[in-house]
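Student: Spelled out from the first residue to the last, the chains are:
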Amino acid sequence: MNSLVSINSTALHLNSSDPGTLNQPVRHGWSENFLVTASHHGTLKQPIGHGWSENLLLTTSNQPTLMQPIGHEWSENILPFAVADELHKAALMRPPLETAPSVDRPFAETMNLLPHQQQVAFLPPAAPAVDVSKRPSFVGLQEWEGVVTEIRDRAFTARLMDLTHPNPDEEGEFCTDEISEDDLNLVVPGAIFRWSVGVLKMPGGAKRPTSQIVFRRLPQWTKRDLERADGVAKELLNAFGTMKTPDSDEARSTR
Amino acid sequence: MKRVRPDEIEISLFGPGYGESVVIHLGVNQWVIVDSCRDPITRSIAPLDYHARIGVDPSVSVRLVIATHWHDDHVRGLSDLVEACTTADFVCASALTKSEFVTMVTRYEEGSAKTPSGSGVRELYQVLRHLTRTGRQVRFAAPNWLILRCPELSQAAGWGCEITTLSPSDKQLEMFWAEVGSQVPEIGHTVRRAVAKSPNHLAIALWVSWGEQAILLGSDLEETADTNTGWSVIVQSAERPQGAATAFKIPHHGSENGHSDDVWDQMVAKGAYALLSPFTNGNVRLPTNDDVSRIVDRAGKAYITARPQSRAPVERPAIVARAIRAHGGRLRLAEPKLGHIRLRNRHDPKHRWYVALTGGAYKL
Numbered sequence: 005m006n007s008l009v010s011i012n013s014t015a016l017h018l019n020s021s022d023p024g025t026l027n028q029p030v031r032h033g034w035s036e037n038f039l040v041t042a043s044h045h046g047t048l049k050q051p052i053g054h055g056w057s058e059n060l061l062l063t064t065s066n067q068p069t070l071m072q073p074i075g076h077e078w079s080e081n082i083l084p085f086a087v088a089d090e091l092h093k094a095a096l097m098r099p100p101l102e103t104a105p106s107v108d109r110p111f112a113e114t115m116n117l118l119p120h121q122q123q124v125a126f127l128p129p130a131a132p133a134v135d136v137s138k139r140p141s142f143v144g145l146q147e148w149e150g151v152v153t154e155i156r157d158r159a160f161t162a163r164l165m166d167l168t169h170p171n172p173d174e175e176g177e178f179c180t181d182e183i184s185e186d187d188l189n190l191v192v193p194g195a196i197f198r199w200s201v202g203v204l205k206m207p208g209g210a211k212r213p214t215s216q217i218v219f220r221r222l223p224q225w226t227k228r229d230l231e232r233a234d235g236v237a238k239e240l241l242n243a244f245g246t247m248k249t250p251d252s253d254e255a256r257s258t259r
Numbered sequence: 125m126k127r128v129r130p131d132e133i134e135i136s137l138f139g140p141g142y143g144e145s146v147v148i149h150l151g152v153n154q155w156v157i158v159d160s161c162r163d164p165i166t167r168s169i170a171p172l173d174y175h176a177r178i179g180v181d182p183s184v185s186v187r188l189v190i191a192t193h194w195h196d197d198h199v200r201g202l203s204d205l206v207e208a209c210t211t212a213d214f215v216c217a218s219a220l221t222k223s224e225f226v227t228m229v230t231r232y233e234e235g236s237a238k239t240p241s242g243s244g245v246r247e248l249y250q251v252l253r254h255l256t257r258t259g260r261q262v263r264f265a266a267p268n269w270l271i272l273r274c275p276e277l278s279q280a281a282g283w284g285c286e287i288t289t290l291s292p293s294d295k296q297l298e299m300f301w302a303e304v305g306s307q308v309p310e311i312g313h314t315v316r317r318a319v320a321k322s323p324n325h326l327a328i329a330l331w332v333s334w335g336e337q338a339i340l341l342g343s344d345l346e347e348t349a350d351t352n353t354g355w356s357v358i359v360q361s362a363e364r365p366q367g368a369a370t371a372f373k374i375p376h377h378g379s380e381n382g383h384s385d386d387v388w389d390q391m392v393a394k395g396a397y398a399l400l401s402p403f404t405n406g407n408v409r410l411p412t413n414d415d416v417s418r419i420v421d422r423a424g425k426a427y428i429t430a431r432p433q434s435r436a437p438v439e440r441p442a443i444v445a446r447a448i449r450a451h452g453g454r455l456r457l458a459e460p461k462l463g464h465i466r467l468r469n470r471h472d473p474k475h476r477w478y479v480a481l482t483g484g485a486y487k488l
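Taken in order, these protein sequences are the chains called C and A. In terms of the numbering used here, the first sequence has 210 at position 206, counting the first letter as 1, and numbering is strictly consecutive. In terms of the numbering used here, the second sequence has 154 at position 30, counting the first letter as 1, and numbering is strictly consecutive.
Chain A with its partners taken away, still in its complex shape:
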């Protein structure tokens, strides 16, 4: 796979159908990784696997690992990722290191029997343990909070870079506490796995800028009727970074509840590139056909990492297949094949992105 040039910026989106991860090259071999996912076939951690293939050493080149929220589909492999990126600061919502959440996560992990299938809570617990054991820097996301400035890139690559978190808002934090309160294991309750609920109150949206060039990463942030939450509070903020993003990681797998006309009108450039990953879980499949139509209408070009319908069953010996049929079970792959959308840009004035699609990724 072609290595990135020092004067190129890159945004890569990995998505197997359940989970996603964004890898950003800031310039001069400086990288940021947002969330984590695994290849469903190899179970390797997609961003680390990618770095290995293009000759990047994550232990020295990754500046930040950002966990946008704690849902299972965004944290798979996160603890291994954080450990591999030994010099990176860890970024999360402050709520994830506060008493209520740490107590909840610890109660789940210390109190329950272990299972092979793991869980997002376990990933976060392992991350918290690693961070406290190693004393690594933790940075907290908040509205319009500058979490990284790289002026040194100006001399080496010709531009500086800044990363700003746009959420979660105070109101979203309040709502998150309510959710945590209902999930904390109590005496006498039957042991179970934590099940994160929507909406994604803590989702961290990110603005990454290189001079006038910017991208917007929507995480799983949802729009709500409450103007103190979701995208409304971001768009209305006078303090938010100004400009129009030329690439937009579509929030919440393209679902309607992640859509905001105001975001497209005020924060995204006309003709911008849209990137998204699908979500499949039970009968929920995102994006829907309506979602795709809406995104294609708004974006200049839109790409998705995988085809959510593409989930053939695993091939098994005839006798096993017969037994499954006898049971009446219907099986399919939990996730489609991992896909990768890569946009690279040499910071030219026309902000043209060069697109490469691999795995199951395709143009909408």
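Bound-form chain C, shown alone:
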């Protein structure tokens, strides 16, 4: 149940984009975030989270099947089955698919739904979870948060903060070939990513070293964000306006 409560508590902000698609939320925070994208026909399509440690990664196909998270066996992971179970329960409470917000339904109206309606409106149809025990699983050994500092031809340099052990910051060079197509446009100076290295445990027991770089998908600044920030800035500026500065008589006397 915790997972669903978390979803609700992060208040998904869904923007309706092109017809048929409810697109993209969210706050994109590492830990508490869930990025869920609902596409046509009421199915949950891809999101992400990209297997961040505590994140849910929900993927459904065109079938009304919950294709399960991933989690890659991160240590703090929400168990896929628990997630599936919760979604299943939620789906049972869910109104018929056709009552879910449609493309014609204004976003504002969607957001005016009662909480339980919001909760279920974008959930996939109930379906049994796929057995994940037959899949390769990733066991994370080491994680860094990186900030891109420099970009060159097909390569970039980043400053890395060790999230696994209290080591000094490191610097790494990466080839953009290793970045997924979807993430390539995110590789800009100042971009933040997470780099995880570990081993891939194959169903037969074999282990293969592997690594994954996932760029953080940050939201866009909204009018509300900037208005709130500007309000704080105004408070700071007002306070500076009442401060003693070198232009004041007292300060000038030190000259």
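Watch out, some of these pointers could steer you wrong.
To be verified - In silico DSS-like links for lysine-lysine, alpha-carbon gap of 30 Å or less:
id, chain 1, residue 1, chain 2, residue 2
1, A, 222, C, 238
2, C, 227, C, 238
3, A, 222, C, 227
4, C, 238, A, 295
5, A, 474, A, 394
6, A, 425, A, 487
Treat the hints as calculated values from the structure; they're not laboratory data.
Starting from the structure of chain C, add chain A where the hints point.
Tutor: Chain A alone, transformed into the frame defined by chain C:
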């Protein structure tokens, strides 16, 4: 570590390879701290750590905390430093408290999700919030602006002390506004971290004098082709403090764009001590071999806080190292070990400095 005597002046430069901080003893346990950096290993704030080791209480002994500019490598730990130095005035370029910059910083910090790695903008935002919350005095730097005079030292230590800011010039402020304008987050732009760009328009160069004795702190001030900016406008100024500095904190980590022959000829004494910290970021490593040769030729003696090439990778379990290798990643420490150059002087007529080097610091 040996404590400083009341009648000694001191200039200490800390530099881990990414960032620097200067600590100055004016005399009689009166201190000034310029910029802030962290020890990359312990993450402690280098100037505060140093003060703790030599028995100085920063809450009563630091007169000024000066932020020479807002680049990441000069403000790490600055907010904690300002809070610790509770009686110190804060000095910065006036532009940092003006609407455009405050709005930019606030938009970045209020609008973006937080990350563990932090940023220089966050440090400045926290400093601004602290200053406004506590109402602490802020002093603004400007060309030839006297920001501190300590006549009381004359009786106690035998000399007075004055600190004068030499920059930023009006033209540099104009250029800074242009830079800020291009960085302000706007509606619909993807959230990102602010990335300060060179040149360092707001860099505050400082002149600290004790009678005839003086030191010149070059911050990251760069020389440009425009004579209304950089070092040119300072050297040409008739109002600047006169004299020749016997110690010179080399600007901009020794890079060629921080060099000015006129500064060496007109503001620095022959045989002066040169101090610098390296800069490493990606493929940029300062100083270069040419930079070192130029500095050594000009200075009587030159010292650097760390060896920029000295950045071995972190040791990790074999399985992790294998996974990193499999990925093809090349890792190294972001910064060399923190180094400390300390010059002390008992105000003798020959202006001899006594040098102590610790950590990764060495003589060039």
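Student: Can you name, in rising order, the numbers of the hints this structure does not satisfy?
Tutor: none
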